[in-house]
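Enquirer: Chains as they are written, first to last, in UniProt numbering: chain A, 1 to 220; chain R, 1 to 236.
Everything labelled a hint here was simulated from the structure, so no lab data went into it.
In this text, a Cβ means the ideal position worked out from N, Cα and C, and glycines have one as well.
Worth double-checking, as some hints may not be accurate.
Unchecked claim - 20 Å max Cα-Cα, derived EDC-like pairs, lysine to aspartate or glutamate: (1) R:Lys170 to R:Glu191; (2) A:Lys3 to R:Asp5; (3) A:Lys5 to R:Asp106; (4) R:Lys38 to R:Glu213; (5) A:Lys5 to R:Asp102; (6) R:Lys98 to R:Glu77; (7) A:Lys2 to R:Glu77; (8) R:Lys98 to A:Glu119; (9) R:Lys126 to A:Glu80; (10) R:Lys98 to A:Glu17; (11) R:Lys190 to R:Asp167; (12) R:Lys126 to A:Glu38; (13) A:Lys3 to R:Asp108; (14) R:Lys76 to R:Asp102; (15) A:Lys216 to R:Asp25; (16) R:Lys76 to A:Glu86; (17) A:Lys2 to R:Asp106; (18) A:Lys216 to A:Asp84; (19) A:Lys3 to R:Asp106; (20) A:Lys3 to R:Asp102.
Claimed, not checked - Stretches of chain A that chain R covers, calculated by requiring three or more beta carbons in the stretch to come under 8 Å of a beta carbon on chain R: (21) 4-12; (22) 84-96.
As the list claims (entries may be wrong) - So the derived label-pair ranges between C-beta atoms look like this: (23) R:Asp108 to A:Tyr82: 17 to 27 Å; (24) A:Gly190 to R:Asp124: 49 to 59 Å; (25) R:Lys166 to A:Phe23: 25 to 35 Å; (26) A:Leu105 to R:Trp90: 18 to 28 Å; (27) R:Asp108 to A:Val177: 42 to 52 Å; (28) R:Gly50 to A:Phe23: 42 to 52 Å; (29) A:Tyr82 to R:Asp67: 24 to 34 Å; (30) R:Trp90 to A:Met53: 26 to 36 Å; (31) A:Arg20 to R:Asp161: 33 to 43 Å; (32) A:Val177 to R:Arg85: 29 to 39 Å; (33) A:Arg20 to R:Arg101: 47 to 57 Å; (34) R:Arg101 to A:Met193: 35 to 45 Å; (35) A:Leu181 to R:Asp67: 26 to 36 Å; (36) R:Asp67 to A:Arg20: 41 to 51 Å.
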Amino acid sequence: MKKFKSCLYWEGRTKYERLRFLFLALICANLLLWIMPESWCRYADDTFFPAVMLLSLFYSLSALVMMFYPTLSLVSGYGEFYRDMERLTGVPVWQRHAAKLAVNLAVTGVLFVLVKIGENVMTKFAGETHSYFRMQLDLPAPEMILAVSVLFPVLYIWAYLVLYQRNGNRHGVLAWVIAALLFNMFHFAGIDMIWRIVIRTLICVPFFISAGRMEKRLDI
Amino acid sequence: MTAADDILQDRGTLLTMRQANKWLDGRKIINMADLTIKKGRIIGVVGDNGYGKTVLLKMMAGLMEQDSGEIVRYTKEISFVLSGRSFYPWMRVMDALKYYRDFYDDFDINRAQQLIGESALEPDRKIRLLSTGQQERLCLILALARNSRLYLMDEPLNGIDPPFKKDFKKFLLANLPEDASVVMATHLLKELEYLFDEVLFVTGYGIRQMETEEIREKYHQSVEDYYMEVVRCEKV
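Same shape as in the complex, but just chain R (with noise of 0.2 Å):
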């Protein structure tokens, strides 16, 4: 890390991603991407299927190297929300406690039993036996229940419950630690743009990094519709 690295630290920066590119069976899917992921804030990251959501988390993650550019994170606190399919196939709900505990050291598995029973999911179920909004409500949990600065999560209400989908919102700002990030990939915006304070447009010209308050109030609009309007439309 450079000296402007450690000044970007000391201000909440999370992560910076400069000029970073990746290509995929020949195709480059991440573009010259450049954005900054502060504390305290949630951005939700909206782009057609195939342009490249999933990928920009797994570099943020570490899960995938970029190919040129560069990824600063200055924290290791970083909780990749995993998908239903994600776990050894004969694993139980709470084997993946057992070894989301033995893994990392800021699990409390304390906190994720608790919200296992309230989400009334049964400890001794193979996990692949659930339904779809189970599994991605124990991957939530698993989470969650890291006392991590940023939280990044690919499509986190698919297949989920109307019921959950409702509280999703209340459920994730409640067991949000103070401070931390979340960056979400969604395209539920309709359903979770008043939860985002940022916004990051993912087409295959680039990646936009705006403010929500900046589009509804400069250009009168909801950020679904600036979307559907302007960003699909245009280069970026």
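With the rest of the complex left out, here is chain A (with noise of 0.2 Å):
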């Protein structure tokens, strides 16, 4: 247990070092929005559109960066130097998965709730023919939240091993094509959210088993 918690530690310390940039820059920015009064924001859409562009943009991105980097982030390290580092600790490779993906649930979440004051704040620039950035979501907040962060990396990660483990190569696209495929296979219709956030879950727990004996197996 200590272990654990000390993996979650230096897991999310890693990311706050990646990321603080972008949290300092999203707070700033959506400090800024929530005091500018509206008149103000209208003003700066008709006079300074280029700049509010850029600022669209950068809650755009920051939006990318919230969907892709969970992901991305659990299969970053292979064939990184500091994998020594990690491995030879001797935790145990499902403790460090699920180091990350609970260390991904948390940054999402953060992610999540700074991009859409940013879509609130934004709000203010938007005017009769047009608006900004803007999020539009397939899921609920929550069920989208655990579905980035952890249920698609689960899958993600274990198709790459898997093709990983055929040819000794790196195939993050594809592996990407396929975590998304089984994904989507998972559709649960006519549901509550809270049964299919069960369910899904429960569907990726084989695939987290097999995915952390795949890289134990493989020197990656």
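Each of the two chains sits in its own frame; use the hints to bring them together as a complex.
Expert: Listed below in structure tokens is the structure:
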């Protein structure tokens, strides 16, 4: 348990070091836009349109980071020199993966809140004929956060390792396609959100275990 | 572990390899390795580039698994000396100490801090901004601040400045726990051979384990000369 807590801490630290400037920029942008009167925002939209576009682009990119980073962060360490440092600790693979997923969940949750606030404050720039950054979700927010930070990454790392096991090459894009197909196979319409989450999580458990076993076996 | 392994453990054996093989990229890197690491020994690993010294050490550490054969570790207290690039890019010197403290119960952070101070390393400096020699020194300190029984070092003197190279032997022996063993891959046979009790010659044909005294007394050659003239020219 002590080592798992340490994994959580160092994984959290790693993600913080990588994303802190993004968090800071989002917080500053949100604060600034929140205190700006709406009349100033309309004026800026008329006069400084490129700046407002850049701001909208910034929020869009932040949303993309929120969607893609949790998945890619699971495999970004493969082949890096610091992998030896992680593996020498003797912490079981499944604990390391669980720590990464838990931190993913927290980071995605925070990013979602910040980006959502950004979406709200950007409405100040919206006119009668146009608007700026908006997030349109297919799933309710809690389900989306869990899917993006935990469920999809589990399927992705499983697909990634299966492909790596076959020929020793890294097929990130193909793994993404396979994971997306798998994820969309488990589509449960007409069921309460909580049951959808439970069922999808249970389905991902064997993929989680299988991915851990593969990683242990492969020198990756 | 078998009954025979229990006996070996009682006799101070830390690790054995029995006919271990390892393939990488379709090439057999480690070929039928048979070796024994006993306590209280300093063992050099010598071989040309690409013949598997690093792979051998990683297999001993458990970072790589053998494809066939057996590796039996009679102790869990194995300390592998990392390279300077083996840390997260954002890590500072103090972060590395805290990382070791969090994951290794036998890590003495106070001793590590003392050695850091003696080596004039700044705790708040980012590791990637240290010189190569400073990084190697940090890695050595991290490994030696653990109270382990087996230390594995892969060319620890790479990039080390000449003054520290000179003091390396003293530094190692002063900080090594009693009865601990060291397995060290190196090209610097001339400088280090008198440190070694044994040598593992790693060639394309296999691994030969020999006592350094045996080489000097029986063959009347230095270990380096023996390697260059005999081992490299024959099949093991």
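Enquirer: Determine for every hint whether it applies to the structure shown.
Expert: Each hint, compared with the structure:
1. Using a Cα cut-off of 20 Å, the hinted pair R:Lys170 and R:Glu191 holds, with the two alpha carbons roughly 13 Å apart.
2. The straight-line distance between the Cα atoms of A:Lys3 and R:Asp5 is roughly 29 Å, outside the 20 Å bound, and the hint therefore fails.
3. Annotation: proposed proximity of A:Lys5 to R:Asp106 holds, straight-line Cα distance about 18 Å (limit 20 Å).
4. This hinted pair checks out: R:Lys38 and R:Glu213 have alpha carbons roughly 16 Å apart, not beyond 20 Å.
5. For the suggested pair A:Lys5 and R:Asp102, the alpha carbons sit about 9 Å apart, so the restraint of at most 20 Å is met.
6. With a CA separation close to 19 Å, the supplied pair R:Lys98 and R:Glu77 stays within the 20 Å bound.
7. Taking the CA atoms of A:Lys2 and R:Glu77, the gap is near 18 Å; set against the 20 Å cutoff, the hint holds.
8. For a cut-off of 20 Å, the pair hint linking R:Lys98 to A:Glu119 is broken: about 39 Å separates their Cα positions.
9. For the hint pairing R:Lys126 with A:Glu80, the CA-to-CA distance comes to about 18 Å; that is within 20 Å, so the pair holds.
10. A threshold of 20 Å between alpha carbons decides the hint, and for R:Lys98 with A:Glu17 the separation of about 16 Å falls inside it, so the pair holds.
11. Between R:Lys190 and R:Asp167 the CA atoms are separated by roughly 15 Å; this keeps the pair inside 20 Å, and the hint holds.
12. Restraint check for R:Lys126 and A:Glu38: not satisfied, since their Cα atoms lie roughly 44 Å apart, outside the 20 Å limit.
13. With a CA separation close to 17 Å, the supplied pair A:Lys3 and R:Asp108 stays within the 20 Å bound.
14. At roughly 17 Å between alpha-carbon atoms, R:Lys76 and R:Asp102 fall within 20 Å of each other, so this suggested pair holds.
15. Among the hinted pairs, A:Lys216 with R:Asp25 is consistent with the structure: their alpha-carbon atoms are about 18 Å apart, no more than 20 Å.
16. The suggested pairing of R:Lys76 with A:Glu86 holds, with an alpha-carbon distance near 16 Å, which does not exceed 20 Å.
17. As the CA atoms of A:Lys2 and R:Asp106 are separated by approximately 14 Å, the hinted pair is consistent with the 20 Å bound.
18. Restraint check for A:Lys216 and A:Asp84: the C-alpha separation of about 13 Å stays at or below 20 Å, so the hint holds.
19. Only pairs whose Cα atoms come within 20 Å are accepted, and A:Lys3 paired with R:Asp106 is accepted, the gap being roughly 14 Å.
20. Distance restraint check for A:Lys3 and R:Asp102: the Cα-Cα separation of roughly 7 Å lies within the 20 Å cut-off, and the hinted pair is therefore satisfied.
21. Counting residues of the segment 4-12 of chain A whose C-beta sits closer than 8 Å to any C-beta of chain R gives 3, which meets the bar of three, so the coverage hint holds.
22. Here the segment 84-96 of chain A counts 7 residues with a CB under 8 Å from a CB of chain R, which clears the bar of 3, and the coverage holds.
23. The hinted range of 17 to 27 Å is satisfied by R:Asp108 and A:Tyr82, whose Cβ atoms lie roughly 23 Å apart.
24. The beta-carbon spacing between A:Gly190 and R:Asp124, approximately 57 Å, falls within the hinted interval of 49 to 59 Å.
25. Between R:Lys166 and A:Phe23 the CB atoms are about 48 Å apart, so this pair departs from the stated range of 25 to 35 Å.
26. Distance hint for A:Leu105 and R:Trp90: a CB-CB separation of about 22 Å, consistent with the stated range 18 to 28 Å.
27. R:Asp108 and A:Val177 have their C-beta atoms about 49 Å apart, which keeps the hinted 42 to 52 Å range intact.
28. At about 45 Å, the beta-carbon gap between R:Gly50 and A:Phe23 stays in the expected band of 42 to 52 Å.
29. Taking the beta carbon of each, A:Tyr82 and R:Asp67 are about 25 Å apart, inside 24 to 34 Å as hinted.
30. The supplied range of 26 to 36 Å is met by R:Trp90 and A:Met53, whose beta-carbon atoms lie about 32 Å from each other.
31. A C-beta distance of roughly 35 Å is found between A:Arg20 and R:Asp161, which places it inside the suggested range of 33 to 43 Å.
32. Restraint check, A:Val177 to R:Arg85: a C-beta distance of roughly 33 Å satisfies the suggested window 29 to 39 Å.
33. Distance hint for A:Arg20 and R:Arg101: a CB-CB separation of about 23 Å, inconsistent with the stated range 47 to 57 Å.
34. Look at R:Arg101 against A:Met193: about 42 Å separates their beta carbons, and that is inside 35 to 45 Å.
35. Distance hint for A:Leu181 and R:Asp67: a CB-CB separation of about 33 Å, consistent with the stated range 26 to 36 Å.
36. Distance hint check for R:Asp67 and A:Arg20: the Cβ-Cβ separation is about 42 Å, which falls inside the suggested range of 41 to 51 Å.
Of the numbered hints listed earlier, those contradicted by the structure are 2, 8, 12, 25, 33.
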